[in-house]
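Q: If you want the building blocks of each chain, they are given just below.
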Amino acid sequence: MPDLLAARSLFGVSLAFHIVFAAVGVAMPLFMVLAEGRALRTGSEAYRELARRWAKGTAILFAVGAVSGTVISFELGLLWPRFMEFAGPIIGMPFSLEGFAFFAEAIFLGIYLYGWGRVSPRLHLAAGWVVAVSGAASAFFVTLANAWMNVPAGFRLDAAGAAQDVRPFVAMFPPGWWQQVLHVLLSCYVATAFAVAAIHAWYLLRDRDADFHRAALRIVMGVGAVAALLQPLSGDLSARKVAETQPKKLAAMEAQFRTERGAPLKIGGLPDMEARETRFALEIPNGLSLLAFHDPDAEVKGLEAFPREDWPNATLTHLAFQAMVGLGSLLALAALAWAYVRARRREPGRRLLWALVALGPAGFLALEAGWLVTEWGRQPFAIQGVMRVADAVTPVKNLTAPFVAFGVLYLFLAFMVVVLLRRQIAHGPHDHPAPKPMSGPEVSP
Amino acid sequence: MTPEVLLGGVMLAALVLYALLGGADYGGGIWDLLASGPRRRAQRTLIEHAIGPVWEANHVWLILVVVLLFTGFPAAFASISTALFLPLTLLLIGIVLRGAAFTFRTYDHPDDEVQERWGLAFSISSVVTPVILGVVLGAVASGRAGPGAIQRADSLAWLSPFTVAVGLFAAALFAFLAACYLAVEAEGDLRRDFRLRAIGAGVAVFACALAVLVLSRAEAPAVFAGLTRRGFTIPLHLATAVAAVTAFVALVLDQVRLARAAAAAQVALIVLGWGASQYPYVVAPELTLQAAAAPRATLVPVLWALGAGAVLLFPALYLLFRVFKGERPFAVVDREERRER
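Protein sequence lines, in the order shown, are assigned to chains A and B.
Plus 25 on top of the position in the first sequence (first one is 1) and you've got the working numbering.
Plus 1056 on top of the position in the second sequence (first one is 1) and you've got the working numbering.
Keep in mind that a hint or two might mislead.
[As the list claims (entries may be wrong)] Distance ranges between label pairs, derived from CB positions:
1. A:Leu436 with B:Val1061: 41 to 51 Å
2. A:Pro27 with B:Glu1172: 36 to 46 Å
3. A:Gly432 with B:Ala1297: 46 to 56 Å
4. A:Thr425 with B:Leu1269: 39 to 49 Å
Calculated directly from the structure, the hints in this document are not laboratory data.
By construction, the Cβ of each residue, glycine as well, lies at the ideal position given by its N, Cα and C atoms.
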């Protein structure tokens, strides 16, 4: 494997793995404290048990997220030392602030997980809220760094290609920052909510501990349905900003090769980079111009407006984009169905429960696909228009070996996490496992 | 004081805290591996209880150091990451295995066999990871991570008697710290177990320190000069010696809180001494703080952000230790405690 490809693959695997745990770290604490808050208000045992059960899942997922996040922070330098040498001083600010958010998450998650019965119920709940808020803050700061790679700002290039006049706070909020941050945050809640909902829907279908699982569904879908319905709107805001600030990425996403007025929206289809056309797509006349600029006759730049060597891989970017939009639409539909049922104060029927089970992985697949869109769509640049990935990579050779090593390690961890979550969450509240000889965090002395 | 020196100082302070807190968590893992005698299971349970609530927070100090390094001294970050690619990759694998195995052990099947397996993965990675961390720091101090070393990127230049000695030194220090901390949290015979372990580890620390000093003369002359001939040398050695002797005497006399404070002071002084002897280099002997520093426009806001963050961070950390390490989490004097549980 060529070293550049190995470096990209290793970083890609590391991020694709970490992003799942990071998203869970944003959303799961919110579900946890919503359940605990309701337990405190109503004295309901089901909600209390729910908070405890979710806390155990969060503990496992957060630990894997913490260590896989450490891997990323080192790999920034191990794989992309030239990128970091250039970008570190410019985007170090959001990373530094993220460090403090991560501190808050780790400290208060420790208090939350090990503090049942040891701190007052109010402090316990407050600790949970701090975890939920600082988890969202972490995602906020990290996304800012990615937004800067998409639309670099806050510095000037001198003749030698070095950054001058660095303004960290301008770099921290580049054009499009809030659209991207909003989209990412919502995706964390949607993905986690639907994944958790699928588990509880599955047990509800088998009619085990109906009250317990219904309570769980109400909480996660309460958050998840709202987020899934907001996500298409946020996607529209994002896409319009991308059209304005990253026209090349938009062209790749939409498989638009020619620059034209009244561009059609292509649904599906397979872009052919050689022939510069997209086959098998369902075309909606003027659709793209309308969506990207809210004007049916607006001019949309095609890839041909850019030098060939600067093109991203339109095939991959378009397919990932279609996957994200398709999955997101299905999730929004399921959210609508859920809202309809709940508005009529009914419990979800079997068909809706089966739909939730089937959509379990959809949120995370959409999240991964969306991340691939923004990364593949920026190629061949690491920093749009400023630094190519090929110029950012380390001179170290034989990167295939660490790629394989981390690939195997992460596969093993993923497998173990699934096994452990099954053990911890997937049994009903009434069939407790045997107590551990080495007492876990919940056993207060 | 220039902003880059100030930021360098903050990073050194963060490293001291990482050694005192995160280091002790590795030390706990080392004692998990070495658990023995009739109270073997009790030792492991105590270690698990001591580490569980705090290790993730303690681990963030390392992340903070990395982030500050690439923000404040990007040239040093690029150079270290390139020259030390292999040991840093091994370090990461160690960090992942340690954290994952510890958590998996807590939540996996209560079966003894399963617990043993995760326990072994946890404790072995707890031994190996600090050794690699020490090797990395030793390589940075002895001129093996400078831009000049980049040509030999995937070689084994980072491996030498000196760097290995620093690695063993780090592991010994962490084990020493952990034993002193655990002695405070234990009672009765269990406390005696960890007092004896602390004394044993203290001897190992002394031996490793001697080896590092001797080997540094040939391999890391700047460090050797810092350890023997600079203005701060004598007071530093004296203070470290006082802390070490205090820790020993307190361990023998069963004054465990005093021993813990003295051990922490000793480790802090050692890390500070290493930092001072390396000054003004981030990566000896090529990159000074000044040469590797980011522009002032970056450094000053980051320092302000650190100040603001610290105001939130330290009360939160105090709360964490107050909840899990007793009413007087950092007290030096032993006295009959009102049991709050």
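Q: Hints first: check each against the structure and report whether it holds.
A: Checked hints:
no.	hint	verdict
1	A:Leu436 with B:Val1061: 41 to 51 Å	holds (45 Å)
2	A:Pro27 with B:Glu1172: 36 to 46 Å	holds (43 Å)
3	A:Gly432 with B:Ala1297: 46 to 56 Å	holds (49 Å)
4	A:Thr425 with B:Leu1269: 39 to 49 Å	holds (41 Å)
Hint compliance for this structure: no hint is broken.
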